[in-house]
Structures are given as C-alpha cells and as structure tokens.
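Colleague: Residue numbers (my numbering), protein chains in the order written: chain A, 1 to 100; chain B, 1 to 477; chain C, 1 to 476.
Keep in mind that the hints were calculated from the coordinates and are not lab data. Watch out, some of these pointers could steer you wrong.
Claimed, not checked - Pairs of lysine to aspartate or glutamate residues, derived as DMTMM-like cross-links and limited to a Cα-Cα distance of at most 20 Å, are as follows:
| hint | chain 1 | residue 1 | chain 2 | residue 2 |
| --- | --- | --- | --- | --- |
| 1 | B | K96 | A | D35 |
| 2 | C | K133 | C | D261 |
| 3 | B | K96 | A | E77 |
| 4 | C | K133 | A | E86 |
| 5 | B | K408 | A | D35 |
| 6 | B | K90 | A | E25 |
| 7 | B | K90 | A | D20 |
| 8 | B | K374 | A | D42 |
| 9 | C | K133 | B | D332 |
| 10 | B | K374 | A | D49 |
| 11 | A | K12 | B | D366 |
| 12 | C | K133 | C | E198 |
| 13 | C | K465 | C | D426 |
This structure is a prediction, so every number in the text was calculated from the model and none was measured.
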Amino acid sequence: MSERISAEVVAKVARLARLDLTPEEIERTTTQLADMLEHFADIDALQLDDVAPMAQPYPLDNVFREDVIAPGLDRDEVLAAAPAAEHGRFRVPPIIGLDL
Amino acid sequence: MASAIEIAAGVRSGALKAVDVVERHLATIGKREPEIHAFNLVMTDQARASAASIDALVAAGGDPGPLAGVPIALKDNMCTRGVPTTCSSKILAGWKPPYDATIVTKLAAAGAVVIGKTNLDEFAMGSSTENSAFGPTRNPHDTSRVPGGSSGGSAAAVAAGFASVGLGSDTGGSIRQPAALCGVVGVKPTYGYVSRYGLIAFASSLDQIGPFANSVADAAQLLDVIGGHDPMDSTSIPLEHPSLLDAIDHGVEGLRVGRITDLPEGADPDVNERVEVAFDALRAAGATIVDVQVPAFTFGLTAYYLIAPAEASSNLARYDGVRYGLRVDAEDTNAMYGVTRAAGFGDEVKRRIMLGTYALSAGYYDAYYGKALKVRRLIHDEFERAYQHADVLLTPASPSVAFPFGAKGDNPLAMYLCDVYTIPANLSGHPGMSVPFGTGADDLPVGVQVLAGTLCEPQMFRAAAALERAVTQGFGK
Amino acid sequence: MSGRDGLPGDWQLVVGLEVHVELATVTKLFSASPNRFGDEPNTNIDPVTLGLPGALPVLNRQAVELAMRIGLALNCSIRPCTFHRKNYFYPDMPKAYQISQYDQPLNVDGFLALPDGTRIGIERAHIEEDTGKSTHFGGAGGRIHGSDYSLIDFNRAGVPLVEIVSRPDIRTAEQARQYVTELRGILLAVEASDAKMEEGSMRVDANVSVHLPGTPFGTRCEIKNVNSVRSIGRAIEYEARRQIDLLESGDQVRQETRHWDETDGRTHTLRTKEDADDYRYFLEPDLVPLSPSDAWIAAVRAALPMLPAARRARLAEATGVAPDSEAAMVVVDRGQDEYVLAVGAAGGDVARALVHVKEAFADSPSVPPADLAKLTTMEVEGTLTATQAKTVVADLIANGGGDAAAIAAAKGFEAMGADDLGPLVDRAIAENGEAWAKFCAGEGKAMGALVGAVMKLSQGKADGKAVTAVLNVKKG
Ligand SMILES: [Mg+2]
Ligand SMILES: [Zn+2]
Numbered sequence: 001m002s003e004r005i006s007a008e009v010v011a012k013v014a015r016l017a018r019l020d021l022t023p024e025e026i027e028r029t030t031t032q033l034a035d036m037l038e039h040f041a042d043i044d045a046l047q048l049d050d051v052a053p054m055a056q057p058y059p060l061d062n063v064f065r066e067d068v069i070a071p072g073l074d075r076d077e078v079l080a081a082a083p084a085a086e087h088g089r090f091r092v093p094p095i096i097g098l099d100l
Numbered sequence: 001m002a003s004a005i006e007i008a009a010g011v012r013s014g015a016l017k018a019v020d021v022v023e024r025h026l027a028t029i030g031k032r033e034p035e036i037h038a039f040n041l042v043m044t045d046q047a048r049a050s051a052a053s054i055d056a057l058v059a060a061g062g063d064p065g066p067l068a069g070v071p072i073a074l075k076d077n078m079c080t081r082g083v084p085t086t087c088s089s090k091i092l093a094g095w096k097p098p099y100d101a102t103i104v105t106k107l108a109a110a111g112a113v114v115i116g117k118t119n120l121d122e123f124a125m126g127s128s129t130e131n132s133a134f135g136p137t138r139n140p141h142d143t144s145r146v147p148g149g150s151s152g153g154s155a156a157a158v159a160a161g162f163a164s165v166g167l168g169s170d171t172g173g174s175i176r177q178p179a180a181l182c183g184v185v186g187v188k189p190t191y192g193y194v195s196r197y198g199l200i201a202f203a204s205s206l207d208q209i210g211p212f213a214n215s216v217a218d219a220a221q222l223l224d225v226i227g228g229h230d231p232m233d234s235t236s237i238p239l240e241h242p243s244l245l246d247a248i249d250h251g252v253e254g255l256r257v258g259r260i261t262d263l264p265e266g267a268d269p270d271v272n273e274r275v276e277v278a279f280d281a282l283r284a285a286g287a288t289i290v291d292v293q294v295p296a297f298t299f300g301l302t303a304y305y306l307i308a309p310a311e312a313s314s315n316l317a318r319y320d321g322v323r324y325g326l327r328v329d330a331e332d333t334n335a336m337y338g339v340t341r342a343a344g345f346g347d348e349v350k351r352r353i354m355l356g357t358y359a360l361s362a363g364y365y366d367a368y369y370g371k372a373l374k375v376r377r378l379i380h381d382e383f384e385r386a387y388q389h390a391d392v393l394l395t396p397a398s399p400s401v402a403f404p405f406g407a408k409g410d411n412p413l414a415m416y417l418c419d420v421y422t423i424p425a426n427l428s429g430h431p432g433m434s435v436p437f438g439t440g441a442d443d444l445p446v447g448v449q450v451l452a453g454t455l456c457e458p459q460m461f462r463a464a465a466a467l468e469r470a471v472t473q474g475f476g477k
Numbered sequence: 001m002s003g004r005d006g007l008p009g010d011w012q013l014v015v016g017l018e019v020h021v022e023l024a025t026v027t028k029l030f031s032a033s034p035n036r037f038g039d040e041p042n043t044n045i046d047p048v049t050l051g052l053p054g055a056l057p058v059l060n061r062q063a064v065e066l067a068m069r070i071g072l073a074l075n076c077s078i079r080p081c082t083f084h085r086k087n088y089f090y091p092d093m094p095k096a097y098q099i100s101q102y103d104q105p106l107n108v109d110g111f112l113a114l115p116d117g118t119r120i121g122i123e124r125a126h127i128e129e130d131t132g133k134s135t136h137f138g139g140a141g142g143r144i145h146g147s148d149y150s151l152i153d154f155n156r157a158g159v160p161l162v163e164i165v166s167r168p169d170i171r172t173a174e175q176a177r178q179y180v181t182e183l184r185g186i187l188l189a190v191e192a193s194d195a196k197m198e199e200g201s202m203r204v205d206a207n208v209s210v211h212l213p214g215t216p217f218g219t220r221c222e223i224k225n226v227n228s229v230r231s232i233g234r235a236i237e238y239e240a241r242r243q244i245d246l247l248e249s250g251d252q253v254r255q256e257t258r259h260w261d262e263t264d265g266r267t268h269t270l271r272t273k274e275d276a277d278d279y280r281y282f283l284e285p286d287l288v289p290l291s292p293s294d295a296w297i298a299a300v301r302a303a304l305p306m307l308p309a310a311r312r313a314r315l316a317e318a319t320g321v322a323p324d325s326e327a328a329m330v331v332v333d334r335g336q337d338e339y340v341l342a343v344g345a346a347g348g349d350v351a352r353a354l355v356h357v358k359e360a361f362a363d364s365p366s367v368p369p370a371d372l373a374k375l376t377t378m379e380v381e382g383t384l385t386a387t388q389a390k391t392v393v394a395d396l397i398a399n400g401g402g403d404a405a406a407i408a409a410a411k412g413f414e415a416m417g418a419d420d421l422g423p424l425v426d427r428a429i430a431e432n433g434e435a436w437a438k439f440c441a442g443e444g445k446a447m448g449a450l451v452g453a454v455m456k457l458s459q460g461k462a463d464g465k466a467v468t469a470v471l472n473v474k475k476g
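Next up, chain A with everything else stripped away, as it sits in the complex (with noise of 0.2 Å):
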C-alpha cells in the first residue's frame, strides 16, 4: 500500500469526517495511522485476485415488509430531545458549504 499517508490526507479525511481535529491532533493522528497501514500491508502478500468479496456473513435476500402502516414516533417526545426545535421542527444554523 505504498508511500506513508501524509499529514495533508489526514487533513482532508477529517473534513470528509466533519472532525475538527487540533494540529497536535492531526500530527499524532497521521503517525497512528501510517503505523497501522503499515501493520495492515500483510495482506497485501495475499493472492486475492479470484476472491469474490464478502460483505455479510449469513447469505440471505429478499428480506421485505408489507407495506402497512404502524404507529410512529410522538413528535413532541422527539423535539423536546432534539438540540433545538421551533414550529414543530429540527432548527439548526445556516446552511452553507454543503449545498447539494
């Protein structure tokens, strides 16, 4: 798995993870990381090529419900433990930077 990941990688995944991490963070961050890739890198000797990926381990399909409907949530139960809430919704600070 090639060259160390670098202080600048680690950076950009803990934008891509919404994590604020301090420099000091960063820095202890990209050495774990790097010794853990390293430890990581035995299997890299494996031969995987006609190895079909397995992401679940009982193979099951099909799985459905009806569709029916059942009793919910109390919304007031729910807003009252929400951060913040006003007219019956989540209220949260501008949205900007994000728009999709």
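Fit chains B and C with the ligands to the supplied structure of chain A, relying on the hints for placement.
Modeller: What follows is chains B and C with the ligands alone, placed relative to chain A:
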C-alpha cells in the same frame, strides 16, 4: 448465589419473591459498585417496580416466563425506552431512546428484571473499558486490572454478583474477551441469531448481542430467550433455533474437537497451558481431537481493523447535533458538525472514524476496504472447510489474563492484539464463546474459546458444558 | 444563422435527464410511517426515519413492485440488485447517508419513445430514499444563502424514490419537454407515482452540454431545481446559450452543478466539481440483496396497463389522425380515448367524436357514448351542420346527455335539403354579383364569400358541402 435458572424456578413456583432477589442484588451493588463502576445507570426504582409486578402476576396465578425475576444487566448500547442509553459517549449523554430494542421486549416477556445499564468502551470500541467517557470499569477479581472490553461493565456486573446474567455485544470479541478476563461465560452467537434492532451499531455486519452468565446453562437459557427471527432486522435469520438448554445435557461423546495447528502465536504460556488442559478434558469426556488449518486466521486482525472502522465511520455519522444528543453551537451547520463531533467523541472513536473514512475514500477503497472484504471471504471459507473435519475448535479467548490499567499505553495496535483470537468468528459470522477454565498468572481467570460452525450453537454449548463440568472434575486449577 | 434547434451556428445540444419520482406507496421505503404529502411537520416519523441509534431498515415490498412497473414500462431489464450507502452530511439527511443503489441497480438498459417515435435511452432506474425538507429563515427571505437559520421537517425522509437516468440522447429543448411529459404519462398510467412536479413528487435534473458535430461532447453542467415542464425547456435553452457564449468567446465550460432560478430565468453556480464529492459508497450492511423472481417479474409485466403511446396508436388507427397529432395527444392525456372508442362502438363516427371530445370535453363531462354517437351520425348524414353540432354538443354536456335529434329539432335545426337551398343561393348570387363573376371565372377563392352569404341567409342551418354542390351546379 442461586443460578438464573434456579431464581426463575423459585419465582415461578412462588417459593422465591422477585423483589427479594432484586433487593439482594441491589445490596451487592451497594457494597461493591463504587469501586467496580460496572454501571452507567443502576435502575433501582424500575427494577423494584418490575419485580413487584412479576410477584403480583405469580400471585394471580400467571407465569412471568423462563427468566421470571432474574436480574439482568444490559450493556449501555441497547435502547431502553425512556431510560438513558449513552454508549459511554459524551455525544449521547442523557439521551433517552423513544423505543425499546427487540431484546428488551423479549426479556420483559420472559419475566427478566433489568437492573441497570452497564459501562463499555465508547461505542464498543476497545478491549479494556478504559475508553468510556464516564471512567473505566474495574475487574472484580483484581481492581487494579481491566475487566476487558468493550462489554467490560456487563462482564464485571455478572462476575461481581450485581446481576444474575447480562447482555453484551460482540463485534470483534467484546463479549468473549471480557468474559475470559472476568471469569464468566460469554457467548457470541451466529451472526443473525439475535436481533440487532435497538442495538446501537458499531459495525453492522459484525455486531451480535450475546449473554454473560455464571454458568453455561444460564447462558443457554438466556440465549434461548433472546434468540430468534425478528422482522425488524433484515439480517435476522428466519429460522427456529433448537433449545440450547436441552442441548447441553448431551455430553461430547464422539464430538470432533479441532486444534488449529497454524494458530497465530502470542498467547501467554499460562493461557496456552489451560487450553491444552481443555483438549485433555474433552478427550477424557469422550471427544476426539483432530488437527485443522486456518492459514488466513492471522490476517483477521487486518481485515477487521479495515472493515469495522469503515462501517463505523458511516454508522457514527448520524451523531451530527441535529436531531438528538450533543450539539456544540457554531455559526453555520457545517461548522457545527465539526465542533460537535470533535467535542462529543473520544480519541479511540475519532481514530477509528478517521481510519474507516480513509479506507472507504476515493482512491483507497480497493487497496484497503475492498481487499479486506476478500480476506474476509478467505477466512470464512477456510473455517467452513475446517468445520467439515471438526464440530468445534478450541483456542484461547484472550492472549493473556486481565492486564493492569494503562498496560497497553496509548499504542492502539497493542490493544487491538487483544482480539486476535476472537476477531475471525465475527468476520466469518460463526458462533464462539468463552468458558472459564481455571486460572493462570496471579490466579486470574482464564477463558477457553469454543468456536463452531454456522448455527452449530448446540455443539458449541455441549463442548462448553463439558469444560464446565471438567473444572470440577480434576481439570481445574 | 441558426441550427435546427434554435442554437446559433452549428452548435448541437446534448441533454441527459435525471428524474426523481416519489412512489405511490402507503408507507416509507424502509419503515412503516405514512408516505403522505402535506401533513403537519414531523408527524410521519419513526426511529428509522429519524436515523435514531439502533434503528434498522426493512425494504417495502410494494416500493419494489412499483419500481419494477416503472422499469418494465420503460423497456428496462430487471436485474438482481443491491443497496449501497451514499455518505454525505446534510441536515435533512438523517443518517448522514442515503440508502441508494450504486453499481447494481434494479432496472437497466431501457428506452422511452417520444410521440414521434424517437427513442431516448434509459441507462437505469434505481430505488433510493428521499430526504427531509429544510426551510430557510431570515436573511434574503427563504433563500439558502444569507439565511439566519433553517428548520427541518422529516416527513419526506425515507419516502421511496425511483431515479430514472436517461442516456444523453436528447438533442433539443422540445425533446426534453416531450420526454418529461411522456414519462409523466407513463408513471400515471402504471400508477407508480402521482408525478406532481409542483408538489415535488417528480423532480427533474438536466445534464446539459453543447458541441459541434463531429467533435466530442462538451463539458456538461447539471441543472437542478427545474420544477415545471415549461422551465425545463427554458432552463436548457438558457444554459445551452450560456455555454455557447463561453466557448465562442474562447472561455471554457466548468463542470459544475447549477441552480435554475425561475424568477430571473437564469442558472446560477451551486457547486463546482473541484470540491469533488467523495461519497464513500459501500454495500449497506443492514440490508440484503434483492433479486425479484421471474414469476414476480412476469406477474408485474402481465398486470401493466396499456401505455399512452399504445393508446394514441389505437386512437389514431380508429380515427385516422396521426398518433402524435394534437387531438390524439390531448385526448389520451385526458384519458378520454376509451370514451371516443365507445362512441364508435355505439354506432357513432369516431373521427367526429374525437373532434368534439378534444374541443368540448376538457373538464371531462359525463355524456353517454350512445348520445354523442347519435349526434355524430346526424353530422355525417348532413342533417346537422358542424356549427349546429357544436351547439347540440354544448347542450348534451350541459344536461349530461340527451337525444341529439330532439335537441336539434328544439333548436329548429331541421334538415335543409337542396330544394330549400336553391332560393337562398339565388339570393346570395344576386347580392354578390362580383364574387359570382369571379367564381364563374374559375377563382375558387370567391366561393368562400358566396357560401358565407348563404350561411348567413340560412342562419347557419345550411350545410356547407350542400351549398358548394348547388353553387357548382348553377355555375354549370
Ligand atoms: Mg443523481
Ligand atoms: Zn438520486
């Protein structure tokens, strides 16, 4: 103290009062909980109330069920309606789920009495319970040592007699390793055996709920209650499971017990010695010992530490300060995300989110996550082959007995190696359990891990029960 | 000079459309809360909808069935498929990932035929969940930029969507309009969605680029927020011209997502692709693969209703109009083609029925087919003029039916034979000598004036064809 099965029998017959059982356990908690810190929350009032209603039901001629009046400790990552469920994280501190996990509903229907929510490594990420935002749990056998993790609180609670039985979750060994370090029985069932609905996810394709108990029989009884298909969990296996309580009487006559000849080194001599004795004990009980190979076993650690953090990075993205839990205010929502998550998550959780986000991100997916999924298949297939020759496999549950606090320093890899023997079963989905089998260094408990094939819990429990009997038949120490 | 599609020079427009449609299920895609538009905010919520810790998704069978209907109606093949997580943070995205389909979608490789028969390729039609809705307050009134805060309603979160992705086969803004209109007709016909663009249950994004024939496709921009058939055409035309202006002035088109602003009729930069999204797609571990059985697929196919194109063809066949004629389009769109055919079955003239239904049946009145049949018969027999027929139809509509003959009689529309016409024609000729002269000199145009005059004298009772006949006879 009476076993869970004895308690339930007594309460159902009316010979024993559930309220007295609860009071006895609350008293024990009162004595030792301050030094052990097994619980994030002791549910004194709720426990007393449900015990009283169980006694009332019995008095009225009703049957509360197979766990009537049995006090149970729940790992604090299982949703309990109206009762704080924190994952030992600041980001969920004080959050009260508006719904019950499926296992909570099943426990209530079986007459069990939830006595408290137990401590864990934050979001179940760790092997010592040192990563809890609310402080570590101590090992009842030696309070200078860790109980293991991540389900250290439930393991300690059962070992200390705070609860008759407990539930944990096992993603890479989080039930089996603390069970070994605390000297109790701990079971990780086949993936899909127990519903995950209401279990706060760490790594969805690896997580399984399972029992802690002071006996194999109690563990079987508890698993019989919580197991089974749940339409609320798409990965729940739609099958009827045979009673494990019935299975354990069958003995191990003719059972094929496998020794993994290429098992990774690294377990302490005292632990290896007990595993050898375990093979002798099962042979003496009529089992045959066979050699098997699982060459990819040793690659489990790498596959696990790429797959689990990848899934976790996505599962934990929902803690964004919008709908519930902690919010640290900021000028805009994007900034709010960053400061909230930085303040709400501890170092180990951040580390795994970073690792997982990296392993999934553009340009690295194939080299890390994609490759890890292939290794996972390799490990699964090798175990399937091994189970054609052996009904169960024996390994150490943990490379060592309970270690002192801080022993692993802040070297994540050293801590990760605690799970080297337990991780493969999570990757392959096969069941595994840890059975107390005498003691090792410093007279601390040693756990032997019994592994079995998909849905071969009956054979696994038969072997476990045989080991349990052997301890009292000269194979102990 | 200008290209065939109104673009300057030889510039060629290339458009692909991504259409999101909300499925007409009772509940959400992965949970049992109601899928209902317009309810009080956050009243259709549950642990899955809100992405509460520990909640798990379970796939709605009916959502899959409706998605299969859409796929089959668009000539797609249905494949074994999987669900992935598309990871990104947004406050109306409860789990911070959207459960969608990635490299293995349910429906692939189909096409949609425009009314004129042009085939637009369908790359895929996959299942995914909708997001909640954020409303922005303060600042520049309702605009996301400069707002003070936003409020979020999760009623829509988890509503089942099918995203229909066309191939870049669309070459004119008009084709884009036709594609969306035709798609909407199909969705309504198979009852997979109510497809209301104004309510957002059908949402269109357009990938627009321009190039010169013989050169590779240009850089494309994705235009969002086009929420009416009309604005689709406007947005595409504006965007094409914007790109052409850039290219002709030597600039480059940046690949970006742009937002159509209905009010100023322009597109504005939303996101440039430099801050490239990294969605970290991976298989959703909480769901299992989906592979509809052949039996299920066959059953869905067998239950499909006749689609608009086929109905237009059937109507055209019966009435002699072109399948993409306005009459066929309008009447099928209104769902009145069955009625027109019923008029034929009741012994009436379907061509005349089609005209009357198209002209007068906009708010679909109930007139028994037999009644309209009788009227059309009187028309073709010449016992009623077109003008009179209109009046009688109005009467039939007003009274929910009736005997056309009786109504005609009551209005004094009795038949006016050739012998009654003679005197009127002579009078018209006398009063319009000049026109008569021209007519006799072979100026066909002049006939109009004479026929008109006879009509006036007969107070509209005369039949145009009959008058012409008499005039020709008199001309000799
Ligand atoms: Mg799209
Ligand atoms: Zn989409």
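Colleague: Taking only the CA atoms, is the gap from K408 of chain B to D35 of chain A under or equal to 20 Å?
Modeller: Measuring from Cα to Cα gives roughly 16 Å; hence the hint holds.
Colleague: Has the given pair, K133 of chain C with E86 of chain A, been kept, meaning a C-alpha gap of at most 20 Å?
Modeller: holds (15 Å)
Colleague: Between K133 of chain C and D261 of chain C, is the straight-line Cα distance small enough, at 20 Å or below?
Modeller: This hinted pair holds, its Cα atoms lying about 19 Å apart.
Colleague: Just to be careful, I want the Cα atoms of K90 of chain B and E25 of chain A compared with a cutoff of 20 Å; is the pair within it?
Modeller: Holds, at roughly 19 Å.
Colleague: Taking 20 Å as the top limit, are the C-alpha atoms of K374 of chain B and D49 of chain A close enough?
Modeller: The given pair, whose Cα atoms are some 9 Å apart, holds under the 20 Å limit.
Colleague: Please verify whether K133 of chain C and D332 of chain B have alpha carbons no more than 20 Å apart.
Modeller: Answer holds: K133 of chain C to D332 of chain B is near 18 Å, not above 20 Å.
Colleague: For the pair supplied as a hint, K12 of chain A and D366 of chain B, confirm whether the alpha-carbon distance does not exceed 20 Å.
Modeller: Roughly 19 Å between the alpha carbons, so the hint for K12 of chain A and D366 of chain B holds.
Colleague: Check whether the Cα positions of K133 of chain C and E198 of chain C lie no farther apart than 20 Å.
Modeller: Measuring from Cα to Cα gives roughly 15 Å; hence the hint holds.
Colleague: Is it true that the CA of K96 of chain B sits at most 20 Å from the CA of D35 of chain A?
Modeller: Answer violated: K96 of chain B to D35 of chain A is near 39 Å, above 20 Å.
Colleague: For the pair supplied as a hint, K90 of chain B and D20 of chain A, is the alpha-carbon distance within the 20 Å limit?
Modeller: Within the cut-off at roughly 16 Å; holds.
Colleague: If you draw a straight line from the CA of K374 of chain B to the CA of D42 of chain A, is it 20 Å or shorter?
Modeller: holds (14 Å)
Colleague: If you draw a straight line from the CA of K465 of chain C to the CA of D426 of chain C, is it 20 Å or shorter?
Modeller: holds (17 Å)
Checked against the numbered hints listed earlier, the structure breaks hint 1 alone; every other hint is satisfied.
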